[in-house]
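A.B. asks: We have chain A; now place chain B onto it with these hints.
Residue numbers (the working numbering), protein chains in the order written: chain A, 1 to 368; chain B, 1 to 368.
It is worth saying that the hints were derived from the structure and are not from the lab.
Think of the CB as a built atom: it goes at the ideal place given N, C-alpha and C, for glycine as much as any other residue.
Not one of these hints is a red herring.
Covered stretches of chain A, as calculated for chain B (at least 3 residues, CB under 8 Å):
| no. | segment |
| --- | --- |
| 1 | 53 to 64 |
| 2 | 203 to 217 |
| 3 | 254 to 268 |
Protein chains: 2
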Amino acid sequence: MTGPRYPQRIADLPSTVPFVGPEVQERERGAPFRARIGANESVFGPSPQAVDAMAEAARDVWKYPDPTNHDLRHALAARLNTTPDHVIVGAGIDGLLGSLVRLLVAPGDPVVTSDGAYPTFNYHVTGYGGVLHKVPYDNDHEDLRTLIDKAHEVKAKLIYFANPDNPMGSWVSGATIEALLDALPDGTLLALDEAYIEFAPEGTAPQIDPEDPRVIRFRTFSKAYGMAGARVGYGIAASDLVSSFNKVRNHFGMSRIAQAGALAALEDQAWLDEVVAKVATARERIGDIARAHGLTPLPSATNFVTVDCGEDGAFAKRVLDALVADGVFVRMPFVAPGNRAIRVGTGRKEDLDVFETALPHALKAARE
Amino acid sequence: MTGPRYPQRIADLPSTVPFVGPEVQERERGAPFRARIGANESVFGPSPQAVDAMAEAARDVWKYPDPTNHDLRHALAARLNTTPDHVIVGAGIDGLLGSLVRLLVAPGDPVVTSDGAYPTFNYHVTGYGGVLHKVPYDNDHEDLRTLIDKAHEVKAKLIYFANPDNPMGSWVSGATIEALLDALPDGTLLALDEAYIEFAPEGTAPQIDPEDPRVIRFRTFSKAYGMAGARVGYGIAASDLVSSFNKVRNHFGMSRIAQAGALAALEDQAWLDEVVAKVATARERIGDIARAHGLTPLPSATNFVTVDCGEDGAFAKRVLDALVADGVFVRMPFVAPGNRAIRVGTGRKEDLDVFETALPHALKAARE
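Isolated chain A (complex conformation):
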């Protein structure tokens, strides 16, 4: 009896997981976390209207979902002042990035990203046999100018650029991005990840014609809308690119409950505004806590604050490990020099109380 024959490219793939989930860590440590502020989730939760819509949809869950995601795409298009043929919905930005890479990247094709940016994008590129070219962050910012230069050099099919950035929390103005679009190489698509855009200052989102063939932008219900567990992301792009997703996507892949929840969440602007205000308050407090212990909070346009621990990656890792051991779920940037910091999510008062109490102990442990 022999097993299946994997193509060599698949056999060679590592069994990597982009992220270890907090549930996995909780099972390993044998206790729940006291504060869950490590995955850039919205502890403030989803709109109650979205919760009601999902509970209602659960009763009808015997029906397959609408494979065209009609209602949600139409609502998003209206919100974005465009037409539904410019909107693609998928199982989180993660799922959409996977489809995008599949559409564009053949084995050996070059792709450009920042060294230390979103690992799930890299996972997909590697998974489809693409070749990643990484450029360094510039002063904790993803550097679009250098990404574009690298794309010219390697003839990249795709550039990944997040604004605001995860894991550093930094951002550039929309005008900066607009000014660089004409510098993109012919035939290079810019994947602009705007997962955190709702938290960013006015003017952070560039004005881009949805029909512009050079850019696809991604947004999500996982962050400000508080629905990470439902898996709903969307892309805005030229209609030709949007329709190309239909060649490869899992047409019936979007949960009926998730679609209903996202639709209801989109209609509750008051909840979104409230969450954004709470996040801003929590960012301030994380900054205060960090400074009170001699650490440096980096400016953030997201729902987390990346806190420079003032030493090297090994030190920050010791701080992180001590926090995790003490029941505080946080994460940290993977790559130097970002890995001198830990990344702390905007929690409720009680979550940040736990962090505030735990931090001095963690710093002490890290210095021993």
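C.D. replies: Just chain B, lined up with the frame of chain A:
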């Protein structure tokens, strides 16, 4: 401004959709269907315990799902009398088939299926550049012996075989499958789709060691469990194959709500038994209605009855179109000779009342 550069293989792909959803048809006809019995959904709905679990999970939907699907995989393994490393969970069998094809099928690789079997499998094979070799049904049954012969001939990477079969409703005994496993070519994986297994007679599921490297079997919460809208399927296979899915899958792709719902549904055996009994009763009634109008219901081990309309595909299509125009959502096999039939889902009394009333009019219209 130029657009993205698609690899030729992607550019050549058709923008096909495996199925048109009933919502799409309802928008086109400008009215809802009076009976929704065309997508092999379970009109009897999900377990109330599953509905409650999903409503509860909706409140916590700000949390990302567990990327390891730990609780659900463990519960499934216990139910299947195996270990969790033999269980992979995904966004419906559709999603799992996509990942499986990606794992095994490089461009040009041969794959074997039955002509007229599940089109979504074919969609994935074509999407990854595989070459489909189709063998005919044998007397409305997928014919595993001939599929295996063809796999030897073309050196197939993969055989797709559904038992019970969709769209014909037919089945073979588990013993028949067991007896043929040793005839599989070395290095050919049998993908055994058991989506409808809960409706089938005792003995339809073969006894296969989960560690057997020659087979992966798929099951789902979309049919008997009444959760098609939640997108939860699972595969049972050798641990090496299961862990290979971790190389390519969207790790955070399974909705938290769906996982909670499936777990609760699995625990409500009484509901499952009740649904299976109702489906058996409804199958009888569909048979009676068909015979009363001179049509021939085919034997079924599923939650639908394929009704031979006694003439050719064009005639059956006219019957189908008339039913759809009259508000009865049904579908039909795509390929001759199966397309001499329409496929009628097991509905509640009120659904089948609508079908019973509409059928004679549809037959009359088709004969005019």
